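Line by line, the protein sequences are chains A and B.
Counting in my numbering, the first sequence runs from 1 upward without gaps.
Counting in my numbering, the second sequence runs from 1001 upward without gaps.
It is worth saying that the hints were derived from the structure and are not from the lab.
It is possible that part of the hints are untrue.
[Unchecked claim] A few chain B residues that face chain A, going by a derived Cβ cut-off under 7 Å, partial list only:
#, residue
1, Gly1053
2, Pro1057
3, Gln1083
4, Val1090
5, Ile1141
6, Leu1142
7, Met1185
For clarity, every value in this text was computed on a predicted model and none was experimentally measured.
Glycine residues also receive a C-beta, built at the ideal position from the N, C-alpha and C atoms.
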Amino acid sequence: MKLDTLGTLAAHFALLSLFAIGGAMAVVPEMHRQAVDVSHWMTDRQFADLFAIGQASPGPNIIVVTLIGYQAAGIPGALVATFAMCGPTCVITYYVSRTFDRFKHAHWRIVLQAGLVPVSVGLFAAGVFVIARAADRNLVAVAITLATAAVAYWTRFNPLWLFALAGTLGYLGFV
Amino acid sequence: MLAPHTARRYHSHMTDLPADPPPPPANQNTPVPPPSLSELFRAFFSMALHGFGGVLPWARRAIVDEKRWMTAQEFNEAFAVSQFLPGANVVNLAVIFGGRLHGPAGAAVALAGLLLPPMAIVLTLGALYGRYGDIDALQRILAGVAAAAAGLIGAIVIKMAQPLLREGAGALVIAAAGFVAVGVMRWPLPYVLLVLAPLSIALAWWVRR
């Protein structure tokens, strides 16, 4: 049973990582589908919670994968999921980036790179939408999301203060 | 120790000089010796621990401003490649930077420095969550934090979308289509990419023809 879960984690994240265009956020909708709807590793609410824990911790966004793996199969799950998510793409990056340097000014490379930007923006937005839908269960939560986005966009506040404020509002029972 | 890749790095920088913006005064000093494996590990370790809400600004600060291991131009180019290739951006950046300096060992060391501290932290928090996650007070706090976390990454999307305005209406339509297909309709990502990526690349070619 547990080995089954580890196998699913490895296959799912290794495959998914290859479609992570523009970063880890692009594959959040697929992670959510697998973790909540297909494998039932967690509820919608737990997914939002784990994502929040990942965001409130230092480190790259991709670290949410470690938490999903942990929730699914403990420490082995965390290691397998993280390794599957990073391993294949790191090997690709290592080798492709070296050849890619040679075509820095090639027209095809400029076109390819520019062409993927709109796609990655759309997928990032889709990832945000899925997270927001899991996290925003009432109007106060929606307001917190919008207010945080506005503050983070226009100011350079340390995000930890925003988390502390939102956590306090939650503790007081507003969310 | 000067790895061959390092030599190539400086060489390629020199040949690109006419296209470079004037370097900031700080970078006119003699080239900084390339970092050793342990320096590389410590640098990425410290970036990872500082990186609340994103590691990239810290990576730029450490690599370009503080250690001067790369010029701003070199950093931007490496980052563009790390964004273009599949996978997490900062993870790819660590592989590119570490790999250029010390080959596979450098890539592995930079990656370990970047991932091990956050993994240890989130595993601790994950264990606490597994144990105490059902407590009512913690659930209420997390409900607030989760809403804020969604907003924090929402702000990043707005910043990412701005350069698209210069690219024209077609790019905005592609981005909107990707958002609706994957985020709202929840269509499978591989199929959406299979249609949208070639379309978007064709559009980029058409605009630049």
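So, B/Gly1053 near chain A? Judge it on the closest CB pair being under 7 Å.
4 Å, holds
Was the hint right that B/Pro1057 lines chain A, CB cutoff 7 Å?
10 Å, violated
Can we keep the B/Gln1083 interface hint, with Cβ of chain A closer than 7 Å?
6 Å, holds
Tell me if the interface restraint on B/Leu1142 is satisfied: Cβ within less than 7 Å of some Cβ in chain A.
Holds - the Cβ of B/Leu1142 comes within 7 Å of chain A, reaching about 5 Å at its closest.
Interface hint outcome for B/Val1090 [beta carbon to chain A under 7 Å]:
5 Å, holds
For the hint on B/Met1185, does the least C-beta distance to chain A fall short of 7 Å?
9 Å, violated
Holds or violated: B/Ile1141 as interface residue toward chain A, Cβ cutoff 7 Å?
4 Å, holds
When the structure is compared with the earlier hints, violations turn up for hints 2 and 7 and for no others.
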